[in-house]
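Undergrad: Going down the list, the sequences are from chains A and B. Per this note's numbering, the very first residue in the first sequence carries number 1; after that it's consecutive. Per this note's numbering, the very first residue in the second sequence carries number 1; after that it's consecutive.
Because the hints were derived from the structure by calculation, they are not lab data. Since the structure is predicted, the reported quantities are computational estimates derived from the model, not experimental observations. Using N, Cα and C, we set each Cβ at its ideal position, and we do this for glycine too. Misleading hints may appear alongside valid ones.
[As the list claims (entries may be wrong)] Covered stretches of chain B (chain A as the covering partner; in silico rule of three or more C-beta atoms under 8 Å from a C-beta of chain A):
no., segment
1, 64-77
2, 171-183
[Unchecked claim] Calculated lysine-lysine pairs in the BS3-like style (CA-CA distance at most 30 Å, straight line):
no., chain 1, residue 1, chain 2, residue 2
3, B, K410, A, K220
4, A, K247, A, K220
5, A, K220, B, K270
6, B, K301, A, K218
7, A, K218, B, K410
8, B, K313, B, K270
9, A, K218, B, K313
10, B, K313, B, K297
11, B, K261, B, K297
12, B, K410, B, K310
13, B, K301, B, K313
14, B, K86, B, K247
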Amino acid sequence: MINAVGAPQSLLLLGGTSDIALAIARRYARSGLRVVLAARPSDRRTAAASDLASLGCNVTEVDLDARDHESHAATIEQAFAGGDIDIAVIAFGLLGDPERAWRDPDLALELAEVNYTAPVHLGVLLGQRMQAQAHGWIVALSSVAGERVRRSNFVYGSTKAGLDGFFLGLGEALRDYGVRVLVVRPGFVKSKMTTGLDEVPLSVTPDQVADAVVDAIKAKRELVWVPGPLRVVMSGLRHVPRPLFRKLPL
Amino acid sequence: MSDEAVPAIKPSLPEEQPMIPQPLVELHGWGRASGTMSHLAQIDSVADAVSALRRSDNRGVVPRGLGRSYGDAAQNAGGTALDLTKMNRILSLNASSEPATVTVQAGVSLDLLMRALLPFGLWVPVLPGTRQVTVGGAIAADVHGKNHHTQGSFGNHVRSLDLLMADGEVRTVTPDGGTEALFWATIGGMGLTGAILSATVALQRAETAYFTVDTHRATDIDDLMQQMSVGDENYTYSVGWFDAVTKGRHMGRAVLTRGNKASLAELPLKLRRDPLKFVAPSLGTLPEIFPNRMINKATAKAFSTAWYLKAPKHRTGELQNITQFFHPLDMVAEWNRVYGPNGFLQYQFVVPFQEAEVFQRCLEMIVNSGHLSCLNVLKRFGPGNPSPLSFPMPGWTLTVDLPIEEGLDKLCDALDTEVVGAGGRVYLAKDSRLSAATFRQMYPRLDEFLAVRREVDPTGMFNSDIDRRLELSNRTSGGAA
């Protein structure tokens, strides 16, 4: 249960090795916090588990393979084996080389599956569990790339647009059951996913995204941009006419 | 027909009833800070309670009364809360026995009970800060009042209980005679051993419904504790309000109010005509219009100063009525709305008498924290009772009301550390934020409670949010044998 001062008792990180997911877990970390790390087995996962354990968390590792849809039900089953989950974060995702992605059907399919199909499938499974326990939060990591899809990374952007819409809708559907969904739209995040890419203005760190998530849950908000001013920027960009938008260096 | 052919139907159980889906409603405690959605089952009879128990799924049931516990004790996310407030009949009164006893259904409020008993010259032995609690809730939280140092908590006065158990049977339990383990686990057991359906309570006699009250101001916290230590035993009722906003020399300045039941001879002639009159004025209901931060530096300082200065420096023998003496807040319905939509929490702890230094350090931490509390109560407890989860123990107890704001978690965690270090504890009826691990350190007899629960409710039928948060059940118990 999330207590009266906003501290959760349990976290589920789907994509448990993502920089943002781990930054969120570190924000909430305290003695006795139960954390379920769902990710592919790897040294990174082991390291993340021991990092959180050193902060006093009780960590369980669970296998998650985003592209193996058959395995998702078992992953969620194991994730809830220790009791209710207060906050579930869907943080896995794939950026891919944008110019390859729209030419290579296999890569395009992989992006669609990892960034959209798998979150939807897991989102439905999570929704069922959350509906039954009638409390808790689902946090979905979307992106401003999905808010107005750009030529420069439209395969990735389109998957995030789909994810964004699904989780906003799931939030509406679960409201009456006491479950909240938070959709997070970060701009450029300096993380392992973007290593090697040029930084852009208004870029943020995983820690800043984590702060925004913690604040949004405390304030019971359901949609948040990171950094905050991106909301205004995107609001403008959404309405730029297509011929002009094409010419912008985005 | 042979005996074997008779199916084993328990006569108290109704036939299986069709599923009536109950809508989810948001339930929260008096602090309004951590609401969740539960199915609220209206219970009008024992049969209703049994069938609600039968229909519940693995999220289970929890009894709920008037919702005055501050935290998450009477809510059950995804499961069922049994609304027992309609089970509000007084079943029998034995006024001539010594002591007099009354048997009531669990949903009878102390307000209703007092109004019914006063004409007989009978008095409810323990009254918490509000009359708007049910007898069932008073037992489940083992509430205390201003007379704890002389007369103990509510559970000390309960003679027997009818408990609806997880197996659907109603069992009568008493403080002795073989059922004492279940009886005492139920006292202070937060409704998790079963649903209290009715209770027999020993009563006191009263010649009047008035109190002779002595009021003293104390210039600081040392003065207050000194005055209480010396004089408390001369009074049945004693409580101190202190200023938790003012820092420096006057830190902990306080108003000490102590009194005894007034005898008929102590009333002026005018009041003697109707000495048992129940005076309960109402100033109305607070509307839902208050923003967060209504309690801010300016309002808290003004309130605290006014409260201190309006009290006389020294006055003895003043006559006060029930509401003045016990329940001034009952004059305003829904007063918790003043804290705004974010809600508030009440932090009440006790530390043993020999840890007075820790007690004062906690008070300083609160005053210096910048978190503002107006309703601050200080009291000396007498001996505790045999219940494993009952709150009172001999020592100093302090209560503060704190609006939910940034950094409050840090303050409370720091207070927990001091309280645990001193061998003290936090009151479950007020709590909305303890962690399971800290709770376990505060209540070393938790395993006794868990053992009783394992025996009477092996599948975890009784369940609540506080149960899940503090791991009070067998299914999620962390580290229990």
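Undergrad: All hints are to be evaluated individually against the structure, with a verdict given for each.
TA: Results of checking the hints against the structure:
1. Only residues whose beta carbon comes within less than 8 Å of a beta carbon in chain A count, and the segment 64-77 of chain B has 3; three or more means the coverage holds.
2. Requiring three or more residues with a Cβ within less than 8 Å of a Cβ of chain A, the coverage given for the segment 171-183 of chain B is violated, as only 0 such residues are present.
3. At most 30 Å may separate the alpha-carbon atoms for a hinted pair to count; B/K410 and A/K220 meet this at roughly 21 Å.
4. About 38 Å separates the Cα atoms of A/K247 and A/K220, which puts this hinted pair outside 30 Å; it is violated.
5. Between the alpha carbons of A/K220 and B/K270 the distance comes to roughly 57 Å, so the proposed pair goes past 30 Å and is violated.
6. For a cut-off of 30 Å, the pair hint linking B/K301 to A/K218 stands: about 28 Å separates their Cα positions.
7. Straight-line distance between C-alpha atoms of A/K218 and B/K410 comes to about 15 Å, which keeps the hinted pair within the 30 Å bound.
8. Between B/K313 and B/K270, the direct Cα distance comes to roughly 28 Å. Compliance with the 30 Å bound is thereby established for this hinted pair.
9. At most 30 Å may separate the alpha-carbon atoms for a hinted pair to count; A/K218 and B/K313 exceed this at roughly 44 Å.
10. Note on B/K313 and B/K297: the hinted pairing holds, with a Cα-Cα distance of about 25 Å set against a maximum of 30 Å.
11. Between B/K261 and B/K297 the CA atoms are separated by roughly 38 Å; this puts the pair beyond 30 Å, and the hint is violated.
12. With a C-alpha separation of about 34 Å, the suggested pairing of B/K410 with B/K310 is violated against the 30 Å cut-off.
13. Between the alpha carbons of B/K301 and B/K313 the distance comes to roughly 20 Å, so the proposed pair stays at or under 30 Å and holds.
14. Only pairs whose Cα atoms come within 30 Å are accepted, and B/K86 paired with B/K247 is rejected, the gap being roughly 47 Å.
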